[in-house]
Each structure stands twice: as structure tokens, then as C-alpha cells.
Amino acid sequence: MSVPVRTLFFAVYRDRLGVSELSIDLPSGSTVADLVNELRGRGAPFDMLPEKPAVAINQIYSFLDEPLTAGDEVAFIPPVAGG
Amino acid sequence: MIFAEVSSDPIDTAALLAKVGSDEDGAALLFIGVVRDHAEGRKVTGMRYDVYAEMATEVLREIALEATIPLGTDRIAVAHRFGELKIGDISVGIAVSSPHRAEAYEASRFVIEEIKKRLPVWKKEHYVDGVSKWVEGTIPPGAGLEGSTHVVPLTDEGLA
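These protein sequences, in sequence, are chains A and B. Going by my numbering, the first residue of the first sequence is number 852, and it counts up by one from there. Going by my numbering, the first residue of the second sequence is number 1034, and it counts up by one from there.
The following block holds chain B by itself, in its conformation from the complex (with noise of 0.2 Å):
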């Protein structure tokens, strides 16, 4: 059973933990990407994050389908949140169970590092001095544009 979602709402933890598992697997694996307080020298106060939701939703189940081959089973559930987040909410979640914790482990990582490489997912940092930015992200394979750089301001500061 592959589950995937993009929502506003919170994430439940415990529920992703509960659509995996099953009595052949020995390990559970529950990751959950934080927001955090700082960045990049800067204090944060909260992340808002926008979503290609159509979009999302899909290439999130294509990343679990493809967790699938090094995980062996197809006990993935992963949630994806966007809106306006505050420091300490779980902006993803990711669970994966598996009769050994290897696999695990390796189809926990592969489903993060592929979000941030291809998840149609953009986060604005707010700081405490009321300025906000886009993260600088990751230009997504699969468009042909490797090696190009990407030159749009991120940030309102020092624009009119």
C-alpha cells in the first residue's frame, strides 16, 4: 500500500506509522522534516510554504513507488504539508516498514533527497526582522536544463 498526500492540513504522525507495517516486517521508520529557527546565520520565525498540489501529489507517489525497489516492500506513506508553517511543524513525514531496517533506512533517505531534488515544493523563509525569502532551491531534472543558473530575486529586500 503506497500512500501520498499534499495537504494544509497538520501531519499526523502516528497515522502515516499506522498505514505501514505489517507481521513480516522488523522495522518501522518514521521521518519528519522540522522547521527550524534559523538559517543561514538568520533567525526564522516561520516558513510558508507553496504547492503545484496537482502536481505534487503525483510525482510524491511516483518518489514512493520508486522507494518501492530499495525498501522490497511497497509499506510507504509520505505526507507533504504547504501554508503558512511556524518553527517546531512538521512540514513532511515520511513512513516505511520493512522485514530488515537496511532497507529501511535507505528507502527513508531516498524518498527526502528526492523531494528536494524534483518535489514541485517552494518554501519562503520569514526572519525576525519581517524581511522574507525564497529558499534557494534545486532546478528539477528531467527539463534539460542542467548547468543553468537561475536569476530571479528571492527576496523583496533592496527591490522598489
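Bound-form chain A, shown alone (with noise of 0.2 Å):
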């Protein structure tokens, strides 16, 4: 069983990643840590992603311990500069 989700990125990520959004298979009982490690383990660009970004799981900050389940919406949050 493999879990599906849909990760975002924002701003400054996703200049210097070059995409805006991927779907990413994980395999079941994977955190948001695992799918940090998934995808800095691709190397470059990816591996510019922080150890330990801010995170929104179905637009809510979330741990880095969060399990994840299909379907979830993970946005890399890059720090915020709003106002």
C-alpha cells in the first residue's frame, strides 16, 4: 500500500525548485520527515529544501511527525513575509 499526496511550493522554493506542485507516492506509514528525506534524497535542487521546513498539512502547520495519509495536501512553507 503506498500512499499518495500532492506537495506544494511556495515562493521561494519553488523558484529555486522549478515546479510549484508534485504527487509523490510515499510507502504506508510515512511521515512528513520521510517525505523531506524522499525528496532532498532526489539532489539537486532538491536537496536545498531545509532538514526541518515549516510545513501545512491540508492548510495547517503541522510536526515534521505528522503521519501522512492519501490524498494529503503538503505545503512547503517557506518563512513568511506577509503585511
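Warning: the hint list may mix true and false statements.
Derived pair list, reagent style PhoX-like, types lysine-lysine, alpha-carbon separation capped at 25 Å [said to hold, decoys possible]:
{"id": "1", "chain 1": "A", "residue 1": "K903", "chain 2": "B", "residue 2": "K1149"}
{"id": "2", "chain 1": "B", "residue 1": "K1149", "chain 2": "B", "residue 2": "K1076"}
{"id": "3", "chain 1": "A", "residue 1": "K903", "chain 2": "B", "residue 2": "K1157"}
{"id": "4", "chain 1": "B", "residue 1": "K1150", "chain 2": "A", "residue 2": "K903"}
{"id": "5", "chain 1": "B", "residue 1": "K1157", "chain 2": "B", "residue 2": "K1119"}
{"id": "6", "chain 1": "A", "residue 1": "K903", "chain 2": "B", "residue 2": "K1166"}
{"id": "7", "chain 1": "B", "residue 1": "K1119", "chain 2": "B", "residue 2": "K1149"}
{"id": "8", "chain 1": "B", "residue 1": "K1149", "chain 2": "B", "residue 2": "K1166"}
{"id": "9", "chain 1": "B", "residue 1": "K1119", "chain 2": "B", "residue 2": "K1150"}
{"id": "10", "chain 1": "B", "residue 1": "K1157", "chain 2": "B", "residue 2": "K1076"}
{"id": "11", "chain 1": "B", "residue 1": "K1149", "chain 2": "B", "residue 2": "K1052"}
{"id": "12", "chain 1": "B", "residue 1": "K1119", "chain 2": "B", "residue 2": "K1076"}
No wet-lab data here; the hints were simulated from the structure.
Two chains, two frames, some hints: make the complex.
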């Protein structure tokens, strides 16, 4: 069983990676940290992502040890600068 | 009535202010954030705001809800803009009203400070020399990353 998730990249992450969105299949039981490791393990440019990025799962800020479920939307949130 | 909106349309401050106020309110306050022409000694020609729109709308609503506590009323209207903005353009507007001014000032300040801490919005400054750079931001609380550093280069300057 795999866990398909949709990952979103904004601002500086999108610029550096050259993509705004990726669909990724993870092994069941995977956490956000596993997703980060999978991406960083792809090498350049994905290894530019921080080891511990801020993330939101389904639009809610989440911890890296949060388990993922099929269909989750995982957004990588660079340091924010609104206002 | 709480109003929270994230849009690429220009912010209509009169409309925002008109959403708050009531017969019991003696104070109504409008704060606007405006794109300025300089940053850290560099001349700025404009700014690009990126946003995670679905999430930002929810977070903005949450912030407004929390601001009802210092405000003592639910009369808050807040709008954040995204897209390409010019010098002088309004990037954020916050209207609040309450029976007395102290609560209005406190709530308005709370909303803008919380926006800067946790609204999923990013801005890229365009400088007069043609270079652009993402503004160094704040790691939002709630993700368990307090004290983390951010190492991704924020500009194309010096990159191949």
C-alpha cells in the first residue's frame, strides 16, 4: 500500500525547485519527515530544501512527525513575510 | 461580523471601513500597509506577493477571530493583496471598531503582528538595478521549528 500525496512549493522554494507542485507516492506509515527525506534524497535542486522545513498538511501548520494519509496536501512553507 | 479576504484585486479601504462600525462604537480604525520605495539601503521599484490562497484565507480569518478578544467586538475586516504591486500600493488593510479607542488600537496591532508571524504570504522585492530578492521571513510558530535557521538562497544574485 502506498500513500499518494500532493506537495506544494511556494515562493523561494518554487523558484529554486522550478516546480510548484509534485505528486509523490510514499510507503504507508510515512511521516512528513519521510517525505522531506525522500525529496532531499533526489539531489539537486531538491537538496536545497531545509532538513526541517515548516509544513502545512491540508492547510494547517503541522509537525514533521505527523503521519501522512492518502490524498493529503502537504505544503512546504518558507519563512513567511506578509503585511 | 468578521470579514477576511485574500485577493489580487486592489484593496478598497472605504469598503473595508464600511464593513465595521455600529451605533455603540465610538472608535473605528483603519490600518493600511503600503509598498515603500526602499529596503535596507536599496531602492525598491515594486514587490511581488505570493500567497497560499486557500490556507491564507483561513489563517486570516483565525487571526481576526482571535482579535475579537482584545477588541471586545466582532467588527473586524481584513484584506491582504497578492500579485505584482507598485510603490504606494496597499498590500494589507485592517479595519476594526469598538466602543472605545484603546481596544481598537490593540486589536489592529494584534492583527498586523500575527499576519507577519504566520500568514502564508511571501514577498519578493524588485530593486532598481533589476535584481529581485525574497524578503527574509519568519518561521511560523506551530510547526515545532522554533530556533531553526533557513539556508535557502533568497536571490538569484551570485547563483549560476
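Quiz item: Under the criterion that the straight-line Cα-Cα distance not exceed 25 Å, is the pair K903(A), K1157(B) satisfied?
Solution: 23 Å, holds
Self-check item: Restraint check for K1119(B) with K1149(B), where alpha carbons must lie at most 25 Å apart
Solution: 20 Å, holds
Quiz item: Taken at face value, is the distance from the CA of K1150(B) to the CA of K1119(B) at most 25 Å?
Solution: 23 Å, holds
Quiz prompt | Restraint check for K903(A) with K1166(B), where alpha carbons must lie at most 25 Å apart | solution = 22 Å, holds
Quiz item: Under the criterion that the straight-line Cα-Cα distance not exceed 25 Å, is the pair K1157(B), K1119(B) satisfied?
Solution: 12 Å, holds
Practice problem: Starting from K1149(B), check that the Cα of K1076(B) is at most 25 Å away, please. | Solution: Within the cut-off at roughly 22 Å; holds.
Quiz item: Does the alpha-carbon distance linking K903(A) and K1149(B) stay inside the 25 Å limit?
Solution: 21 Å, holds
Quiz item: If you draw a straight line from the CA of K1149(B) to the CA of K1166(B), is it 25 Å or shorter?
Solution: Given pair K1149(B), K1166(B) holds - Cα atoms ~18 Å apart, limit 25 Å.
Quiz item: Between K1157(B) and K1076(B), is the straight-line Cα distance small enough, at 25 Å or below?
Solution: 13 Å, holds
Quiz item: Is K1150(B) close enough to K903(A), meaning Cα to Cα at most 25 Å?
Solution: Holds. K1150(B) to K903(A) sits at ~18 Å (cutoff 25 Å).
Quiz item: Are the Cα atoms of K1149(B) and K1052(B) separated by 25 Å or less?
Solution: Holds, at roughly 23 Å.
Quiz item: Going straight from one Cα to the other, do K1119(B) and K1076(B) come out at no more than 25 Å?
Solution: 13 Å, holds
The structure is consistent with each of the numbered hints, conforming to all of them.
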